[in-house]
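Peer 1: Listed below are the residues making up each chain.
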Amino acid sequence: MSGCGLALGEIARHIGAELRGDPELRILRLNTLRDAEAGDLAFLANKGYREQLAGTAASAVILGADDAGGFAGAALLAADPYVAYARATALFDDSPREAVGIHTKAMVDASARIDPTASVGPLAVIGPEVVVGPGTRIGAGTSIGAGSRIGARCRIAANVAVYHRVYIGDEVVVHSGAVLGADGFGFANDGGRWVKIHQLGGVVIGDRVEIGACTTVDRGALGDTVIEAGVILDNHVQIGHNVRLGENTAMAAYAAIAGSTTIGKNCVFAGQSGAVGHIRVCDNVIAQARCSLSKSISRPGSYSGDLLMEETPRWRRNAARFRQLDEMAKRLKKLEGNIEHES
Amino acid sequence: MSGCGLALGEIARHIGAELRGDPELRILRLNTLRDAEAGDLAFLANKGYREQLAGTAASAVILGADDAGGFAGAALLAADPYVAYARATALFDDSPREAVGIHTKAMVDASARIDPTASVGPLAVIGPEVVVGPGTRIGAGTSIGAGSRIGARCRIAANVAVYHRVYIGDEVVVHSGAVLGADGFGFANDGGRWVKIHQLGGVVIGDRVEIGACTTVDRGALGDTVIEAGVILDNHVQIGHNVRLGENTAMAAYAAIAGSTTIGKNCVFAGQSGAVGHIRVCDNVIAQARCSLSKSISRPGSYSGDLLMEETPRWRRNAARFRQLDEMAKRLKKLEGNIEHES
Amino acid sequence: MSGCGLALGEIARHIGAELRGDPELRILRLNTLRDAEAGDLAFLANKGYREQLAGTAASAVILGADDAGGFAGAALLAADPYVAYARATALFDDSPREAVGIHTKAMVDASARIDPTASVGPLAVIGPEVVVGPGTRIGAGTSIGAGSRIGARCRIAANVAVYHRVYIGDEVVVHSGAVLGADGFGFANDGGRWVKIHQLGGVVIGDRVEIGACTTVDRGALGDTVIEAGVILDNHVQIGHNVRLGENTAMAAYAAIAGSTTIGKNCVFAGQSGAVGHIRVCDNVIAQARCSLSKSISRPGSYSGDLLMEETPRWRRNAARFRQLDEMAKRLKKLEGNIEHES
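Residue numbers (our numbering), protein chains in the order written: chain A, 1 to 343; chain B, 1 to 343; chain C, 1 to 343.
Please note: incorrect hints may appear among the correct ones.
Copies of the same chain are indistinguishable here, so a pair counts whether it falls within one copy or spans any two.
[Said to hold, decoys possible] The list that follows gives simulated cross-link-like pairs (lysine-lysine, DSSO-like), each with its CA atoms no further than 27 Å apart:
1. K265 <-> K295
2. K333 <-> K47
3. K196 <-> K265
4. K105 <-> K47
5. K105 <-> K196
6. K330 <-> K105
7. K295 <-> K47
8. K105 <-> K265
9. K105 <-> K295
The set of hints was computed from the structure by calculation and includes no laboratory data.
The shape of chain A in the complex, shown without the other chains (with noise of 0.2 Å):
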């Protein structure tokens, strides 16, 4: 983006929307509704917020055509508003970038190939037999290990650990403080004591992969843990060894999938939510927050396990009777009992 903002007629082009308007209008942000100021392109989403739409200071704004009626500024008109958004938001995105090459701090094994327009920066280690792809740029302090591939166009931020073994698709984001790659949680009891089982397996991760910070994604015990292509991890989500996770499907922060669970495709974790080992999780299923799937599940759709808060003495008095619950259901029993008797 260049200082003088974008022409409002570059922009629908790239996002795909009708213009209504002038084609030379200078957009030099995005915002929203409310927010927005001359000069800002805005857009309107969520009929909830609707009602802005009259008032907003923005030049020009994204909306739906049964919204367009109303408006008569500016608009570019967009069969889902909230894509063309999204869309939009690459056009602004002014975070800095690395120069191409490898940094002269960075410390690259001999026999690592990195593509001549991928970026390597400072104090980044890149370990033997690498291979980073077309235009990817690792981040300062990032570690590469022994003979993992990076495909083209990612984004590896600083201070990220991948481990050895661990193949990364094209255009994929891993965020700060994300680890692929280190050892699944697999022991056996030996009497008491713990014996370590060797995680020997590795990491596939397919295109477009979004991995939010602190997210961890464990190497395989024998075979390979499996993130299909364009899955979207928040921060902090846990991938047991062997898990592998269907195109598509979004998790939430803290998201956990223990180890040798599959999961389909098109489903969303929502936060603190998870499944256990060893089953199978169909496609477009939803886990609620703070819901773990407990068994494998063959039918689509939304599944809870989390109870609303209420203010403390409320829910103590609930929380107290839960303890008492089958007691309860005896007694209700019981009198269902006497009733049938007595009629």
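Got chain A; can you put chains B and C on it based on the hints?
Peer 2: Just chains B and C now, kept in the frame of chain A:
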């Protein structure tokens, strides 16, 4: 602290306590009443430990006026003995201090401005246009992204990742493994595929904030994520994009605040608690352990959402009944109808 | 392991199994019964997989005496086939070994003592007075604070942060992103403002401990945080200040032990379980998934605190009734009174 300790009178002045005893008494270290030996300064801040007072070998004790009567030894009388103890710990902190200045093996961009009284550790990477204030210490291997600013007298530990455009106030402590300014978890779903919403905002952190190890604070999507002055965050906390945390709010390990939520001042989030996105929580709210605030809260007070553990066989009996609860409620209602009918 | 594998007899000796078959048979790798090909050694440790034995293509199988009768192939008979398999994995671990010695790009303080058989990776930072024992490997970008000691034959991965005065025994494994010795979460509240309690203690970690990626062990407030020998911690575990974990205790991902709690030996904490602060838990306690031990436990056994998930509509019906539970209990009691009255 010198090798031969501190004079009791000096400690009294520093922590604002009333001295009872010899001001020249040398104190070598702090300790608990139970473990203290000669030369130690102990403290009585919790009435539960009052019985340990008589038998302590401590050379002096920090305590409240109401406990002082029954204690014949040297004492530091304080209105709040726990706060007085906290102040005293600063005097006895002998953790290693990095030498002032930029380590020869640090990587500091030519455009960064590092105060001459700051210290930058070995293999730290300081990006373009970064500003580091007086007395601030930056640990080994820490990375500070372009345009970020760090105030005065901060302590940024080793292996911290600070992205670009993160603004940190004065006297902030950030522990290892923390990640400040990674992308928030924002994606639009386009027919099953996730389109990334580039995160264009920044992070603003107020004075005297403490951020624990492996804690993550995501950058805003459009505006900033804001952590106000005096907030304390334990390890493994997750602060989503565009969250605002009010002054002096405290969060224990694994607390998680989802995107665009505003939390008031002086709130306390216990371990594994949290709040869903897009809500407002007023001042002085306590979220008990594992309680997820699921809607906006305008009444100060305590909120709960977690059941107490029990031995597994007993737990299972009650938990099995939970799955019949709606049916039980209906049976109860039916019984009431029968009774009423009969009466 | 050489390129042409290991002799079956050699493996038998190493893992303490009884050989049935040709001792010169070459084994190229370990595998599961189902996925094994010629040249592979498989194992049968779980009766659930017994049916896969007949059809396996493995060249040999580790199994128990009771399964050996029905299997005609080469076999390694073991009292505990899972332990035998675990031992075998060590033989097939071909993860890359760093060269012995201090990498030219490591930063080692002149006062540190590194055993000549240890290896220190590139861009590792070893502080003053640190001691590193024989055979220990320290990964790239790892930081070891002043005065810390690491025993023999440890493996400290890349990007680990070890603070000052952390004492680590022999044969300890620490994965990337782990943070040992950060400040415990200690603050005194002074009229709304938090006063930091400087954390003056250290961390002591026994022999054969394994610490997962992004796991944190806080330093003690006054005394030390102690992890006894043989403890295994998965990823994202949090150990608070002054906690003591007894020998051979195991903790899965996100297990969290709050400050000053003592956990016994041979305990097992499942994923997202934990314990509140200041309690004592005896030996041989099992905390099931998401179970928070909320008071001291003196009886070995299993404790639970999590409800099983259900499909969301059904879950919601029951969860809504939970909010009426106290009222339901009162209505039940009233009905019982009526019945009794009528009888």
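Peer 1: Each hint: holds or not?
Peer 2: Quick rundown of the hints versus the structure:
no., hint, verdict
1, K265 <-> K295, "within (17 Å within a copy, 30 Å between copies)"
2, K333 <-> K47, "neither (49 Å within a copy, 40 Å between copies)"
3, K196 <-> K265, "between (32 Å within a copy, 18 Å between copies)"
4, K105 <-> K47, "neither (51 Å within a copy, 54 Å between copies)"
5, K105 <-> K196, "neither (37 Å within a copy, 32 Å between copies)"
6, K330 <-> K105, "neither (72 Å within a copy, 71 Å between copies)"
7, K295 <-> K47, "between (37 Å within a copy, 19 Å between copies)"
8, K105 <-> K265, "neither (41 Å within a copy, 44 Å between copies)"
9, K105 <-> K295, "neither (50 Å within a copy, 50 Å between copies)"
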